[in-house]
Amino acid sequence: MQKDEIIRKINQLLIDEIEIDETQIHPAADLKKDLGIDSLDFVDLFVIIENNFGFKMKAEEMANVRSLEDFYNYIISRINLNER
Amino acid sequence: MNRVVITGMGIYSVIGKNLAEVRESLYKGKSGIIFDPVRKEMGFRSALTGMVERPHLKGVIDRRMRVGLSVQGEYAYVSTMEALQFAGLDQSYLDSHEVGILFGNDSSALSVVESVDILRKKKDTMMIGSGYIFQSMNSTVSMNLSVIFRLKGVNFTLSGACASGSHAIGIGYLLIKQGLQEMIICGGAQEINPESTASFDALNAFSIRESEPERASRPFDRDRDGLVPSGGAATVILESYESAVKRGATILGEIIGYGFSSNGEHISMPNVDGPVRAMEKAIRDAGIAPSEIGYINAHATSTPLGDSNEAQSILDVFGNSSPLVSSTKSMTGHEMWMGGASEVIYSTLMMNHGFVAPNINLDNPDDITSRLNIVTKATSCDFKAFLSNSFGFGGTNSSLIVRKV
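Keeping their order, the protein sequence lines are chains A and B. Taking numbering that gives the first Met the number 0, the leading residue of the first sequence gets 0, the next gets one more, and so forth. Taking numbering that gives the first Met the number 0, the leading residue of the second sequence gets 0, the next gets one more, and so forth.
Next up, chain A with everything else stripped away, as it sits in the complex (with noise of 0.2 angstroms):
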């Protein structure tokens, strides 16, 4: 999958899921702060991304997201190790 394809997914997502609105949606946007995803709305997003995406994520691995960028990447670096 293209890493344009990807955040593409990624954005629809939040958007049809956790129902963020589109206009909020940027790289640079913070996750808690700016789009408003609590701790509840995280558990929600490990349902959703194993769903549409087929791998579970990690607690540990996501201390270090913040951004939507950091998202981004680190669903990106995780397709590319299951592609591997």
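Certain hints may be false.
As the list claims (entries may be wrong) - Computed footprint of chain B on chain A, listed as stretches where at least three residues anywhere in the stretch have a Cβ under 8 angstroms from a Cβ of chain B:
#1 29-40
#2 59-66
Said to hold, decoys possible - Lysine to aspartate or glutamate pairs mimicking EDC-like chemistry, simulated, CA-CA at most 16 angstroms apart:
#3 B:LYS57 to A:ASP20
#4 B:LYS57 to A:GLU16
#5 A:LYS57 to B:ASP123
#6 B:LYS57 to A:ASP15
#7 B:LYS39 to B:GLU209
#8 A:LYS8 to A:GLU68
#9 B:LYS29 to B:GLU213
Note that these hints are calculated values from the structure, not bench results. The beta-carbon is built from N, C-alpha and C at its ideal position, and this holds for glycine as well.
We have chain A already, so just place chain B on it with the hints.
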């Protein structure tokens, strides 16, 4: 002691999704019972049930507030919105006053089943998501609505089997009467799905008159063969008389009596003595004579023993005063955890609109039920007070008395 009045009502039921629809159904004697083929396929002895569609709340309340709502929580959100609007209460009022919530609810089976099904399939609790825990607990309705409406007063759920909704109103009445709260959102909620009623179906307690769904629930009739499960949600706004007058609120009725008791006998078989004591306690609390009660909304669920015992208990308490009696469960089916609250609403609608709703499907009373003054057709009647009975497993009994103000 404060006087306690009802200043708002809301209903989401199998005979109507708001007060206006329900009032019309009550008057017309409309049944909300259907045959549910899914239950038959699953192996139910009886596929009869009350049915109402799930409310569509996407776009109405935000996602975080929706994901924790069980199906009965969704019903209760709708009934509570109607009750708040009726009472003239907006969010700014709720934000600036200590308003409580007490709901009757005694299961949340579908959420439990669905979340455990995910676990069995995925073998990882992380795949269950964030919503199910808040949907699965018995307190799901009060916990979610207290957050949605940002309530700051008393906040818990009463589980008293099929008397849950009635006890919730009774306890709310006592708290306001004692001066501990000024306003409480009270009600009852009942999920509708096969998961929540399968084990009840196993007791042979449901009617199997599947060829005539609308005629299956027939309280007090000689040929009654069991109850029909049902559900929905009902909300009443209870408030001190002083607060209601200060706000200029419309007063729909005054709660003047709450009586409760336990049979102290069998877990599922009702008796006569327990309901008699609950009704007598409510009448003593109200400080009125039995003859002042013009209408009794009976618990009568259409089971052979339960209806006979309630008929006998009414005769024991009311003697020759012969109030009008009907069981609205003949139309709604047995709304279980919700019933005690919804039946206060049905009866208050009747009291304020001058009629008594029929006990439909009563073709032939039996020896005991023939001695009651049961209404079989909508009857114009200007009654001043009613008593509503609710009884449940474990022998829990609740009687409420409401009068016109």
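Exercise. Between LYS29 of chain B and GLU213 of chain B, does the CA-CA distance stay at or below 16 angstroms?
Worked result: holds, 8 angstroms
Exercise. For the pair supplied as a hint, LYS57 of chain B and ASP15 of chain A, is the alpha-carbon distance within the 16 angstroms limit?
Worked result: Roughly 11 angstroms between the alpha carbons, so the hint for LYS57 of chain B and ASP15 of chain A holds.
Exercise. Would the pair LYS57 of chain A and ASP123 of chain B pass a check requiring their Cα atoms to be no farther apart than 16 angstroms?
Worked result: Holds, because 12 angstroms separates the two Cα atoms, which is no more than 16 angstroms.
Problem set entry | 16 angstroms limit on alpha-carbon distance, applied to hinted pair LYS39 of chain B and GLU209 of chain B | holds, 10 angstroms
Exercise. For the pair supplied as a hint, LYS57 of chain B and ASP20 of chain A, is the alpha-carbon distance within the 16 angstroms limit?
Worked result: The hint holds at about 14 angstroms.
Problem set entry | chain B over the segment 29-40 of chain A, status - at least 3 residues with CB closer than 8 angstroms | holds (count 3)
Exercise. How about the segment 59-66 of chain A: do at least three of its residues have a C-beta closer than 8 angstroms to a C-beta of chain B?
Worked result: Result for this restraint: violated, n = 0.
For this session: Mind checking the alpha carbons of LYS8 of chain A and GLU68 of chain A for me, to see if they're no more than 16 angstroms apart?
Result: Satisfied, since the Cα-Cα distance of roughly 14 angstroms is no more than 16 angstroms.
Exercise. Does GLU16 of chain A lie within 16 angstroms of LYS57 of chain B when you go C-alpha to C-alpha?
Worked result: Satisfied, since the Cα-Cα distance of roughly 11 angstroms is no more than 16 angstroms.
Hint violations for this structure: number 2 only, all remaining hints satisfied.
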